[in-house]
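Chain A is already provided as a structure; the job is to place chains B and C on it using the hints.
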Amino acid sequence: MSDAAPAPPVPTDAEREELRRHGILLTSMEELYNWGRSHSVWPLQFGLACCAIEMIAASMARFDIARFGSEVFRPSPRQADLLIVSGTVTKKMAPAVVRLWNQMPEPKYCIAMGACAISGGPFKQGYNVLKGIDRFVPVDIYIPGCPPRPEALLHGLMQLQEKIRGQSISGPDAPRHLQAGTTCDYPVPQFGEHDLVPTKNPAVWQPPVLVRKEGA
Amino acid sequence: MSVSEIAPLTPSAGPTVRSVRDELHGDLLEVSMGPHHPSTHGVFRMVATLDGETVTRLKPVFGYLHRNHEKIGENTSYLSSMPYTDRLDYLCSMTNNWAYALAVERLSGQAVPERAEYLRVILAELTRLLNHTCLAGFLLQDSGASGTPLMYAFREREKILDLFESLSGSRMMCNFQRFGGCRTDATPAWLGAAASLADGYGRFLDEFEALLTGNEILMARTQGVGRLPAALAVSAGVTGPVLRASGVDYDLRKVDGYGVYPRFAFRVPLGAHGDVYDRYMVRVLEMRESIRILQEALRGIPGGPVMDPKAKIRGFRAKPGEVYSRIEGPKGEIGFYLISEGGPNPYRYRVRPPSLINLTILEDLCLGHTIADTVVILGSIDIVLGEVDR
Amino acid sequence: METAEQIRDRLLARFPGAPVAVVANPGPGAQHSLLLGASHAADLARFLRDDPGLRLDFCSNVTGVDWLDREIAEAAKPAAPDPAGAPAMEAGPKAARIQPGYLEVVYHLYSMALKHGPVVLRLRTGNRSDQVTVPSLTPVWRSCEFQEREVFDLFGVTFAGHPDLRRILMWDEFKDHPMRKDYSEPDDYEWEPTPHGEVLPKARRHYPAAPAATAAKEGPAP
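Chains as they are written, first to last, in the working numbering: chain A, 1 to 216; chain B, 1 to 390; chain C, 1 to 222.
Since the hints were derived computationally from the structure, they do not count as laboratory data.
Glycine included, each C-beta is placed from N, C-alpha and C at the ideal position.
Among these hints, one or two may not hold up.
[Claimed, not checked] Derived contacts from chain A toward chain C, CB cut-off under 10 angstroms, selection only: (1) 19; (2) 20; (3) 79; (4) 200.
[Stated by the list, open to error] Derived lysine-lysine pairs resembling DSS-like cross-links, with alpha carbons at most 30 angstroms apart: (5) C:115 <-> A:200; (6) C:115 <-> B:312; (7) B:319 <-> C:175; (8) A:124 <-> C:115; (9) C:202 <-> A:124; (10) B:312 <-> A:124.
The following block holds chain A by itself, in its conformation from the complex:
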C-alpha cells in the first residue's frame, strides 16, 4: 500500500543518543504513551488460593514488585489495571471474577497465574472447578507453575510490559479501549442446577477441535 505523503525521516539510535546527551529527549507519542502505561501497571488485590501467597511474597521485600511500577495493589477494581488471577477459580467464584473484570476500566489486562487459573490445574477433575479463567475473561499472559515462583510472576509482568509497549495507538494493534466498537461488558455466568450457565463465553474461548487419529 502506498501512502499519499512520503514517510517522515526516522532518527537513528545514534542520533537519539547524541540528542540525549544534550538533554533533549526525542520520542514518539506512541512510545511515550506505552512507556507510561507499561511502567505503572497497578494490580488488583485479588488472591484466590496458594498462588496468592506467592503473589504477596512477590510484593514483599525480597522480590519487590514495586520496582516494576506495581507498587500499589488496589483494593477496588475501579482503580486497577491488572487482574492477576492467582489460584483456582471455582464455579462458585467465577461470576464474582467476571463481575470484577467488568468493573475494571479499560485499558485492563489479565494474567493467569498458576496452573489452576490456566486450565484448572491439579484440581481439574472437579465438579466445582472452572477449567481455566480464560473461559470467561480474555487472558494476556499465562504463567505456569504450581505455584510459580515470585520470580516467575515478575517475568510474566515483564512480558506484559513488553506486550503493552508493542501496542500501537491506532490500527489493528491498538489496545481494546482505542478500538471502536469493542464491548467492555462480559456476560456474567449464573448458577445453574448442575453447572454454570453458560459454561463458557464463546466470544472469548472456543474449545480446540482435534481430530482423532486412525484407530484412536
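Frame of chain A; chains B and C shown alone:
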C-alpha cells in the same frame, strides 16, 4: 472497648439530652464483605447485618475455593494424595503432610525411624514459626498498619522458605513426608543452617514485639474485642491457639504425645481473657516455645535412615479398616479420617479442617461489635480458605 | 479409657432397649465404633457428653460416608468331609444377597476435660433415596453445626433438629450431592493432550472421528 459498651447518656434536669443512638433506629443494613475483600484472608464472604456500625447478625459464606479435594482423594492412590495435602493449608504444607502420613501409618501399622521423627518435629516447628509470624503480620495489616509488620514477617518467612526449598525442592508445596518416614535426608549443613535460624529467631521476635506488643493502637483495637468463653470454645470444637487463648489447656503435642514430642520440655501458653489480644500473645509465646523445641531437636537428632527400609512406596495398599488420626497443626487440630477397603485408593478420605470448625464461633464473637472489629476478629481466628473449603 | 464394649454396656444400662451396637474395626488402628439408632441418638449423645467418667465434650470430626448396594456372595455350606481324604464337594450354587446401600454419618468424640478419646459414633440412614434423615447432634455439640451442613450439602443426609440446615460449600441452586459414589460430574469439555484411562472415553465424545476411516486401511493403527 467497643461502641456497644459505651453507656447511653443519662437524662439531666434542664434541656433533655438523649443519646443519638436511642433516637435513630433506621433499617438494618445487610453488607456482604467478600468474597473479594482485601482483608478476608482469601475468598471468604461474611454477610453482616448492621444497625449503624454494630453487627447484629453475621453469617459466613464459603465454598468459593471448594476444589473437591476429598473426591480426588477417593479417586487417587494414597501416595498421589500427598501433593494435594500441601494445598490444603497452603501456608503450612509440612504439617499437613505429616498429618496425612501419620494417618496412613496408623492405618497400616508402619513404624517410622527415629531420625525421621526428629526431622518431622523440626519441620513442624519451623512451620509453626512461619505460620504464627505471618499471622501476626496479616493481623496487623488488616487492622490498618499497612505494610511494615507484614514486610518484617515475610522477611523471616523467606528465610524459612529457603530452608524448605533446599531440603524438599519447593518453597511452599513441599510434598516431603512419606508413609514410613521422610522423602530425603537432611545434610549436616542444612541442620547447621536451621540451628542458626533458630538461634537468630529470638532476636527477631524481640524486635517484632518491641514494635507491636506494647503498641497502644494494637491494644486499643484488640483488648476486650471478640471474647471467647471457654465453655463455648470447647463445645464448638475450637482448637489451636484460639482455644488456648480462652484458657483451655489442650495441646495435642502434650495430650496425644505423637511423634517424639514427649521428649522435649516445652510449656503451653494459655490466655486469660480469650480476646483478640490474648490470641495474638498466645501465638507469640508459642513461637518462643517452638524455638526451644527446635534447638533441642536440632541438638539431639540421631543418625540413621529417614525412611523405613521395609516401607513399600509403589503399589502401596493399606489393610482394610479405618482410622482417624490428628496432629497439632499451627492453626489447630488437623485430622485425617481414612476408610480403606484394601484397594490402592482409600474408600473415604476426609480432612478435618481446623479453620472451618474454628469459624463456628465467628458470629458469636462479632455480635455487638462494630464492623471494623469483625476484620480484626477474623484475622485472629486465622483461617486459610484452602483448608476451610478443601 | 473404657473400651467400646464397656461404653455400650453402660449405655444399655442407662437406656435399656436403646439401639446400640459395636462395629468392629479391622486393622491395626482398632478404633471400634458404636452404631446408634436414630430414636435415642440425641439422648445417648448427651449422656456421653455429661457422664463424669467419659466427659466427651469435644466433637472433633463429623464425616459422611456413602455405602452403595453391595452384592455379598454367600458361600454355600460345604458337604461333610470325605473320611477317605478326598477334597469336599461343592454343595449347590452360591446364593448372592444384595445388602442395600445407606448413608452413614460418623462422629469422632474426644474429651478435653479428661484428655482421652476417641469414641466413634455412627448413625445410618434407612436407604440412599427417600429415608435419608438422621437426628442432628448440633444441640449436643456446637461443632457439628458446619460439619453436618457439609454432610447435607455433599451427601444429601437431612439432619432433623439442625438450627440452620442449608448448603455450605456449593451454591444454593445446586441440585446434586456431589460426594455420592454415583455422582457424575457435568461434562463441560476438558482438553487433554494425551487422554488415557478414564478420561479417554470422555475425550472421544468431544473429538470427532477421523473423516476417512475406511475398512480398506491396512496395517496397524499409527
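Cross-check of the supplied hints:
| no. | hint | verdict |
| --- | --- | --- |
| 1 | 19 | 52 angstroms, violated |
| 2 | 20 | 49 angstroms, violated |
| 3 | 79 | 29 angstroms, violated |
| 4 | 200 | 7 angstroms, holds |
| 5 | C:115 <-> A:200 | 52 angstroms, violated |
| 6 | C:115 <-> B:312 | 34 angstroms, violated |
| 7 | B:319 <-> C:175 | 36 angstroms, violated |
| 8 | A:124 <-> C:115 | 41 angstroms, violated |
| 9 | C:202 <-> A:124 | 14 angstroms, holds |
| 10 | B:312 <-> A:124 | 29 angstroms, holds |
The structure fails to meet hints 1, 2, 3, 5, 6, 7, 8 from the earlier list, while all remaining hints are met.
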